[in-house]
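Chains as they are written, first to last, in our numbering: chain S, 835 to 944; chain P, 2 to 115.
A couple of the hints might just be wrong.
[Unchecked claim] Subject to a maximum C-alpha distance of 20 Å in a straight line, what follows is the list of computed SDA-like cross-link-like pairs (lysine to any residue): (1) P:LYS4 - S:SER858; (2) S:LYS891 - P:GLY51; (3) P:LYS102 - P:GLY51; (4) S:LYS891 - S:GLN875; (5) P:LYS102 - S:THR914; (6) P:LYS102 - S:PHE894; (7) P:LYS4 - S:GLN888; (8) P:LYS70 - S:PRO895; (9) P:LYS102 - S:THR944; (10) P:LYS4 - S:ASN890; (11) P:LYS4 - S:GLN875; (12) S:LYS891 - P:LYS102; (13) P:LYS102 - S:LYS847; (14) P:LYS102 - S:SER858; (15) P:LYS102 - P:THR31; (16) P:LYS102 - S:GLN871; (17) P:LYS102 - S:GLY862; (18) P:LYS4 - P:THR110; (19) S:LYS835 - S:GLN871; (20) S:LYS847 - S:THR944; (21) S:LYS891 - S:GLN878; (22) P:LYS102 - S:LYS835; (23) P:LYS114 - P:LEU81; (24) P:LYS114 - P:LYS4; (25) S:LYS835 - P:LYS4; (26) P:LYS4 - S:PRO937; (27) P:LYS102 - S:ASN911; (28) P:LYS102 - S:SER899; (29) P:LYS102 - S:GLU909; (30) P:LYS4 - S:TYR931; (31) P:LYS114 - P:ARG78; (32) S:LYS847 - S:GLN888.
[Said to hold, decoys possible] Covered by chain P, according to a simulated footprint, are these stretches of chain S (three or more residues, beta-carbon under 8 Å): (33) 848–858; (34) 873–886; (35) 889–900; (36) 936–943.
Hints were generated in silico from the structure; no laboratory data involved.
Quick reminder that beta carbons are idealized off the backbone N, C-alpha and C, glycines included.
Here are the chains, one letter per residue:
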Amino acid sequence: KAGVTQTPRYLIKTRGQQVTLSCSPISGHRSVSWYQQTPGQGLQFLFEYFSETQRNKGNFPGRFSGRQFSNSRSEMNVSTLELGDSALYLCASSPSYEQYFGPGTRLTVT
Amino acid sequence: DAKTTQPNSMESNEEEPVHLPCNHSTISGTDYIHWYRQLPSQGPEYVIHGLTSNVNNRMASLAIAEDRKSSTLILHRATLRDAAVYYCILRDQGGSGNTGKLIFGQGTTLQVKP
Numbered sequence: 835k836a837g838v839t840q841t842p843r844y845l846i847k848t849r850g851q852q853v854t855l856s857c858s859p860i861s862g863h864r865s866v867s868w869y870q871q872t873p874g875q876g877l878q879f880l881f882e883y884f885s886e887t888q889r890n891k892g893n894f895p896g897r898f899s900g901r902q903f904s905n906s907r908s909e910m911n912v913s914t915l916e917l918g919d920s921a922l923y924l925c926a927s928s929p930s931y932e933q934y935f936g937p938g939t940r941l942t943v944t
Numbered sequence: 002d003a004k005t006t007q008p009n010s011m012e013s014n015e016e017e018p019v020h021l022p023c024n025h026s027t028i029s030g031t032d033y034i035h036w037y038r039q040l041p042s043q044g045p046e047y048v049i050h051g052l053t054s055n056v057n058n059r060m061a062s063l064a065i066a067e068d069r070k071s072s073t074l075i076l077h078r079a080t081l082r083d084a085a086v087y088y089c090i091l092r093d094q095g096g097s098g099n100t101g102k103l104i105f106g107q108g109t110t111l112q113v114k115p
């Protein structure tokens with residue numbers, strides 16, 4: 835089976851812009867979660883989607899949003915980018931208890 | 002969410018066993034103990050999980066204390082490829098449902114020396 839794929843792998847944006855990141859889960863996995871990883875804060879949970887519904891949400895401002903499509907693919911959007919949003923954004927899909935992570939999207943905000 | 006405590010770093014020699022400890026004194030009855038690891042420049046990777054009994058899989062073993070307030074991840078024969086950050090995570094798989102929320106701490110950075 836193909837693993838979790840994330841696109842793009844690298845992205846450079848300017849402060850104030852918005853960005854959309856994409857995640858394709860492993861076939862058959864209905865749960866998709868998103869995480870932000872920074873050197874200062876480590877790995878932090880953003881949100882989780884299951885069958886197109888947000889099932890759980892972390893402590894991030896409303897500028898961070900996501901959605902899931904009927905084929906389980908997911909996107910996350912960050913509006914009005916700030917310098918502090920520079921991070922590795924990881925997506926994970928899950929069939930039940932274990933999560934399978936993608937390679938991440940490295941976002942740099944200048 | 003219940004908290005876990007791990008040493009910041011550990012060292013091991015190649016081909017020797019490694020015991021990575023984790024304390025979770027506030028664990029609840031429905032919390033499962035999960036371990037993930039993150040190799041350099043990669044996303045985290047699931048290693049193992051358990052509730053009460055010791056568990057083994059092809060990657061590692063998980064030893065859980067009788068009172069469940071601590072656990073130990075055991076790599077039976079460390080290789081250079083095992084150098085990574087290891088995260089011990091408590092995950093509630095009880096009445097709230099099987100959610101995908103993982104709360105990562107700082108983890109233990111394992112160095113493996115040849």
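We went through each hint and held it up to the structure:
no.	hint	result
1	P:LYS4 - S:SER858	violated, 31 Å
2	S:LYS891 - P:GLY51	violated, 25 Å
3	P:LYS102 - P:GLY51	holds, 17 Å
4	S:LYS891 - S:GLN875	holds, 17 Å
5	P:LYS102 - S:THR914	violated, 26 Å
6	P:LYS102 - S:PHE894	holds, 14 Å
7	P:LYS4 - S:GLN888	violated, 24 Å
8	P:LYS70 - S:PRO895	violated, 34 Å
9	P:LYS102 - S:THR944	violated, 30 Å
10	P:LYS4 - S:ASN890	holds, 19 Å
11	P:LYS4 - S:GLN875	holds, 16 Å
12	S:LYS891 - P:LYS102	holds, 8 Å
13	P:LYS102 - S:LYS847	violated, 28 Å
14	P:LYS102 - S:SER858	holds, 18 Å
15	P:LYS102 - P:THR31	holds, 15 Å
16	P:LYS102 - S:GLN871	holds, 15 Å
17	P:LYS102 - S:GLY862	holds, 19 Å
18	P:LYS4 - P:THR110	holds, 18 Å
19	S:LYS835 - S:GLN871	violated, 26 Å
20	S:LYS847 - S:THR944	holds, 6 Å
21	S:LYS891 - S:GLN878	holds, 11 Å
22	P:LYS102 - S:LYS835	violated, 24 Å
23	P:LYS114 - P:LEU81	holds, 7 Å
24	P:LYS114 - P:LYS4	violated, 30 Å
25	S:LYS835 - P:LYS4	violated, 34 Å
26	P:LYS4 - S:PRO937	violated, 26 Å
27	P:LYS102 - S:ASN911	holds, 19 Å
28	P:LYS102 - S:SER899	holds, 16 Å
29	P:LYS102 - S:GLU909	holds, 17 Å
30	P:LYS4 - S:TYR931	holds, 19 Å
31	P:LYS114 - P:ARG78	holds, 12 Å
32	S:LYS847 - S:GLN888	violated, 26 Å
33	848–858	violated (count 0)
34	873–886	holds (count 6)
35	889–900	holds (count 3)
36	936–943	holds (count 3)
This entry does not satisfy hints 1, 2, 5, 7, 8, 9, 13, 19, 22, 24, 25, 26, 32 and 33, going by the numbered hints stated previously.
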